[in-house]
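Trainee: Spelled out, the chains give:
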Amino acid sequence: MMELSQIIRTCNLKSVVVHEEEIEIKGFYTSDLLSDVMAHCPEESLLITVQNHANTIAVATLVGVRAIVIVHNRAVPDEMKLLAEREGLALLTSSDDQFTLSCRIGGLTDNFE
Amino acid sequence: MTILEVTELLDGRILYKGEAAEVDFKHVVASDLMSDVLLVDEEDILLLTSLASDQVVRTAQIIGAVGIILVNGKLPPSSMAEIAAELGITLGRSGYSKYDACVAIHEALKK
Amino acid sequence: MADPLKNGDSGLAGTREDVPANEPLILIEMIQRLKVRDVMTSELAAVERTDPLRVAQSLMKNKKISGVPVKEGGRFLGLVSINDIIQALEGGYIDDPCHKHMSTKLVVLEDDMPLSFALRYFNKYHYGRFPVINREQQLVGIVCQRDINRALLIELTQEFNRLESESVSHCVPEDPFNLYVLREFPVAKYDFENAGKAANMIRKVLKEKKFPLKDIRRVAVAAYELEINLCVHSDGGVLTWRMSKGRVEITASDSGPGIEDVEWACKDGNSTAIEWIRSLGFGAGMGLVNVKRVADEFEIHSKPGSGTTVRAVVFVEPRSTDHRQHDQN
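Chains as they are written, first to last, in the numbering used here: chain A, 754 to 866; chain B, 465 to 575; chain C, 769 to 1097.
These are calculated hints, taken from the structure and not from any lab test. All residues carry an ideal CB built from backbone N, CA and C; glycine is no exception. Among the clues, some could well be false.
[To be verified] Interface residues of chain B toward chain A, partial, derived using beta-carbon atoms under 10 Å:
id : residue
1  : Val-493
2  : Ser-495
3  : Val-504
4  : Leu-512
5  : Tyr-563
6  : Ala-568
[What the hints assert, rightly or not] Derived pair list, reagent style EDC-like, types lysine to aspartate or glutamate, alpha-carbon separation capped at 16 Å:
id : chain 1 : residue 1 : chain 2 : residue 2
7  : C       : Lys-803   : C       : Glu-878
8  : C       : Lys-972   : B       : Asp-488
9  : C       : Lys-1035  : A       : Asp-831
10 : B       : Lys-481   : B       : Glu-469
11 : C       : Lys-982   : B       : Glu-507
12 : C       : Lys-982   : B       : Asp-508
13 : A       : Lys-767   : A       : Glu-840
14 : B       : Lys-490   : A       : Asp-831
15 : C       : Lys-1060  : B       : Glu-507
16 : A       : Lys-779   : B       : Glu-506
17 : C       : Lys-982   : B       : Glu-506
18 : B       : Lys-490   : B       : Asp-508
19 : B       : Lys-481   : B       : Asp-564
20 : C       : Lys-975   : B       : Glu-507
21 : B       : Lys-490   : B       : Asp-475
22 : C       : Lys-965   : B       : Glu-507
23 : C       : Lys-972   : B       : Glu-550
24 : C       : Lys-965   : B       : Glu-546
25 : B       : Lys-574   : B       : Glu-506
26 : C       : Lys-982   : B       : Asp-505
27 : B       : Lys-490   : B       : Glu-507
Build the full structure now, drawing on both the sequences and the hints.
Mentor: If you want it as C-alpha cells, here you go:
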C-alpha cells in the first residue's frame, strides 16, 4: 500500500486530472483489455494502460480503480478528461511503456512493503 | 534470460517451443494492443500479453519476437498454438497478472 | 472460295502481319508455339454420309452445336450447317441422306498448323468453326473461337504463374535489390483468421532475400496494419505489394465505406472501431499512425460512400536508412 503522490514523484508521472494526491493505492494492474480490467483488476488500485479512451474511465469506475496511468505519453482526449473529473478518478500519463512502468512501481512497492 | 526461464519463474508452462526459445531476450513488451506492440523498434522481444488470439502470434512474427507468454491465466484457443507451431514462435502461459509478471521479471533481471 | 486443302503453303511467314504491333510478345510466342491440335475439340459429333439430315438435326439440338461434319470411314467429306437444316425443313427433304445437301467447298485446318494460322482463318472467313483434318485427310477435330480463347487463357495463366514464382524465388540471389515483385492479396471483411498472412508472407520473402532487418520490420508493420485495417474497417479489399529496385510499396485499397474525416482518422487514438474489435487488440486508433511512422512515403485518399486507398512506401536500400534516422531525430 502506498500513496499516489509517492508514485507520481518517483515515477515521473504527469498529472492530467488529479483531485487529491494523498490517496492510498492498494493494488496495481497492467492491462489494455477492458474486459480483463473488469474481471480481474483489484479495488482501490492503479491501472497502467495504453487505452486513452473514455471507455477506460467507465470500466475503471465500475471496478473501483483510483488512478489510471496512460503509457507512451499518449494524448488524453478531452472526453476522457471530463469523465475522469466527473467520476473523481486520477488520470496521469507516463513516457514509459507498460513493462517499464510496472517494473518501476514494482520496485517502489518492494521498498515500502 | 530466455523465455523458458521466464515461464518457469512465472510458474507457467510452455505450450509450444519454437526456434528462439533459448535466445536471450533483450526487451520486454507488456501489451494487449497489437498496434502498440508494432510500435516497438527493439530486437529479440519477449511479448507478455493477456490477449489470447491468433493475431498475437502473427504480430509476434512481424516484430521478430523470441516468443509470447500469455498471462492472467488466459487459455489460448487451439488455433493459437497451431499458428505458433506453424510460424515457429514459442508460446507459454502463466497465471500471473501482467503487472506481477513484469515485476517478477524485473526482479529476476536485477539479480 | 479457295480450296483450303491446297492453301497450306501460305504458312507461318504470312501470319506475322496479322498480329498487331502492340500485341504482347508472350502472346505472339504462344500462338506460334501452340498447334491447332493443342486447342481443338477432338471428341466430336459427326454423321455418316448416308445418315438422313434428321440425324444431323438432332445432333445439333442435343449437343447445342451449329454444324455437324459428315464423314465416310473416317474421311472428312463435308459439313451440314443449321442453314442446311432450315432449308431441308422448308423444302421437305429432311429425310434425305446428308451427302446430298452438305457443303463440300470447305475451309479446313490441319492439325499440325500453328495456332496463329487458325486465328488468321477466323479473321479471313468469318466462320464460327473449322473442321480439323490430319495428313491422311482424316477428320480429327473441330475448332471454334471459344476453344482458342480457353486454350490461350490456360497457357497465359501457366505462364504468369511461372513468371511470378521466378520473380519471387529465383531472382538473382547475390543482389536482392534487383528483386521485382507484384502481388495482390485479397482481404475479406472481419476475416481475422487470415488477416496478417499477407504481411507475414512479405516478411518471409524479404528475410530470405537478406534485406536489413530494420527495413523488413518497417515493411512488415506497414503491411500488417494496412491488412488489419482492411479487415476491420472496409467491406473487403486488396493489399498490393509492389517492389522494384529497393522501393517497396504497400497499397491497401477497398471499395467502401470510405472515411468521413481522413485527418481525424490519421491522429493517434482516434478510431471508429466497435468494442468487439477492440477486444481483439485492434481498433485503438494507432494503425494509420503506425504506418505513417514506419513509411518513407505515405499517402491516403478516401471518400465516404466510395473507397479508401492507402499507400505506404519503404525504401530498403541502405542509403535510405540514414535518411530515416535523420527524420526520427
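Trainee: Minimum Cβ distance from Val-493/B to chain A below 10 Å?
Mentor: Hint on Val-493/B: holds, closest Cβ of chain A at ~6 Å, below 10 Å.
Trainee: So, as I understand it, the hint says Ala-568/B touches chain A; can you test that by seeing if any CB pair is closer than 10 Å?
Mentor: Ala-568/B check passes; min Cβ-Cβ to chain A is 8 Å, inside 10 Å.
Trainee: Taking 16 Å as the top limit, are the C-alpha atoms of Lys-779/A and Glu-506/B close enough?
Mentor: Given pair Lys-779/A, Glu-506/B is violated - Cα atoms ~33 Å apart, limit 16 Å.
Trainee: Taking only the CA atoms, is the gap from Lys-481/B to Glu-469/B under or equal to 16 Å?
Mentor: holds (12 Å)
Trainee: For the pair supplied as a hint, Lys-1035/C and Asp-831/A, confirm whether the alpha-carbon distance does not exceed 16 Å.
Mentor: holds (14 Å)
Trainee: Is it true that the CA of Lys-1060/C sits at most 16 Å from the CA of Glu-507/B?
Mentor: Distance ~21 Å between Lys-1060/C and Glu-507/B Cα, so the pair is violated.
Trainee: Hinted pair, alpha-carbon criterion (16 Å max): Lys-982/C, Asp-505/B. Please report holds or violated.
Mentor: Measuring from Cα to Cα gives roughly 8 Å; hence the hint holds.
Trainee: Is the interface hint for Val-504/B satisfied, with its Cβ closer than 10 Å to some Cβ of chain A?
Mentor: Holds: closest Cβ of chain A sits about 8 Å from Val-504/B, inside 10 Å.
Trainee: Holds or violated: the hint that Tyr-563/B contacts chain A, with Cβ atoms closer than 10 Å.
Mentor: holds (4 Å)
Trainee: Going by Cβ atoms only, is Leu-512/B closer than 10 Å to chain A?
Mentor: It holds, given that the least Cβ distance between Leu-512/B and chain A is near 7 Å, below 10 Å.
Trainee: Hinted pair, alpha-carbon criterion (16 Å max): Lys-490/B, Asp-475/B. Please report holds or violated.
Mentor: Given that 16 Å is the threshold and the Cα spacing comes to 21 Å, the pair is violated.
Trainee: Please work out if Lys-490/B and Glu-507/B have their alpha carbons no farther apart than 16 Å.
Mentor: holds (7 Å)
Of the numbered hints stated above, those contradicted by the structure are hints 8, 13, 14, 15, 16, 19, 21, 22 and 25, listed in ascending order.
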